[in-house]
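Student: Listed here are the chains, written in short residue letters.
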Amino acid sequence: MEVARALQSYLDGEVDHDTARRVGAHLRVCKRCGMKAGTYRAIKASLARTGDLDALTRRRLEEFARRVPEQAKG
Amino acid sequence: MYRVALAITGDRAEAEDVVQDSLLRAYRALDRFDGTSPRAWLLTIVRNTHINRNRRRRPMLLGDPDDINRRAPSAPGADAQVIAAVFDSRVEAALQALPADQRSVIQLVDVAALSYQQAADALGVPVGTVMSRLHRGRKRIKKSLSGLAVPGVGDEPGTRDQPGIRDQIERGDL
Numbered sequence: 000m001e002v003a004r005a006l007q008s009y010l011d012g013e014v015d016h017d018t019a020r021r022v023g024a025h026l027r028v029c030k031r032c033g034m035k036a037g038t039y040r041a042i043k044a045s046l047a048r049t050g051d052l053d054a055l056t057r058r059r060l061e062e063f064a065r066r067v068p069e070q071a072k073g
Numbered sequence: 000m001y002r003v004a005l006a007i008t009g010d011r012a013e014a015e016d017v018v019q020d021s022l023l024r025a026y027r028a029l030d031r032f033d034g035t036s037p038r039a040w041l042l043t044i045v046r047n048t049h050i051n052r053n054r055r056r057r058p059m060l061l062g063d064p065d066d067i068n069r070r071a072p073s074a075p076g077a078d079a080q081v082i083a084a085v086f087d088s089r090v091e092a093a094l095q096a097l098p099a100d101q102r103s104v105i106q107l108v109d110v111a112a113l114s115y116q117q118a119a120d121a122l123g124v125p126v127g128t129v130m131s132r133l134h135r136g137r138k139r140i141k142k143s144l145s146g147l148a149v150p151g152v153g154d155e156p157g158t159r160d161q162p163g164i165r166d167q168i169e170r171g172d173l
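These protein sequences, in sequence, are chains A and B.
According to numbering that gives the first Met the number 0, the first sequence is numbered sequentially starting from 0.
According to numbering that gives the first Met the number 0, the second sequence is numbered sequentially starting from 0.
Simulated from the structure, these hints should not be mistaken for laboratory data.
Heads up, some of the hints might be wrong.
Claimed, not checked - Distance condition first, Cα-Cα at most 30 Å in a straight line; then the derived DSBU-like pairs of lysine-lysine: (1) A:Lys30 to B:Lys138; (2) B:Lys142 to A:Lys72; (3) B:Lys141 to A:Lys72; (4) A:Lys43 to B:Lys138; (5) B:Lys141 to A:Lys43.
Said to hold, decoys possible - Some chain B residues flagged as far from chain A (calculated, every beta-carbon gap over 12 Å): (6) Leu22; (7) Phe32; (8) Ile50; (9) Arg89.
Nothing here was measured: the structure is a model prediction, and the numbers come from that model.
Glycine included, C-beta positions come from ideal geometry on N, C-alpha and C.
Construct the entire structure; sequences and hints are all you get.
Tutor: What follows is the structure, given as structure tokens:
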């Protein structure tokens, strides 16, 4: 079915306006697709959390970035 | 930059080195930057840095999935925080279990928050390839979660204002 195929692109904000409206309207009435969308949203949110940089790595990279101008000469 | 490097290399230490090399290259090449799209420009540098480093050295093995399994809680309770923690660890384990090409696209789009086009540029593949790897990979993650409580899914549009299966059974609808 068409909505099922477009669902992931829709959740990524990668479909045109018309498709977005059609999928959005379908999700409001179809429980099955609504739940599927909910699961994909939860997966996406969970994955986004795994990208949080640990404090140590962040500090090392920021420190490195500060020293780039002098290192680039070397 | 780090997230993109992590997606491409699949290794935290290597990703850090790639970012450092890329920062140096970017600084040295600043005068050749045309000023139009800094993000795309940096992505290209990260990608080229990775390719150049690999040319010099054999690629390292990918991360150890046992690291994630060790952290997985063994006795899930009903509390929302536990549900979310169990969900997160299962999603991450499922991500690590994916083929590398699907995993890196997912990391670029969902972890590094790139668009399909940016992910395609970062990997040097067509957008259609990004889409099919991404959607197939997520489908596999979703499949591996079957039977697991999904945090916040009851609030989704489409499930709101609709009777649950249990309600329907109790009312004799089913």
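Student: Each of the hints needs a verdict: does it hold here or not?
Tutor: Okay, the hints, checked on the actual structure:
no.: 1; hint: A:Lys30 to B:Lys138; in the structure: 18 Å, holds
no.: 2; hint: B:Lys142 to A:Lys72; in the structure: 52 Å, violated
no.: 3; hint: B:Lys141 to A:Lys72; in the structure: 49 Å, violated
no.: 4; hint: A:Lys43 to B:Lys138; in the structure: 12 Å, holds
no.: 5; hint: B:Lys141 to A:Lys43; in the structure: 11 Å, holds
no.: 6; hint: Leu22; in the structure: 5 Å, violated
no.: 7; hint: Phe32; in the structure: 14 Å, holds
no.: 8; hint: Ile50; in the structure: 21 Å, holds
no.: 9; hint: Arg89; in the structure: 9 Å, violated
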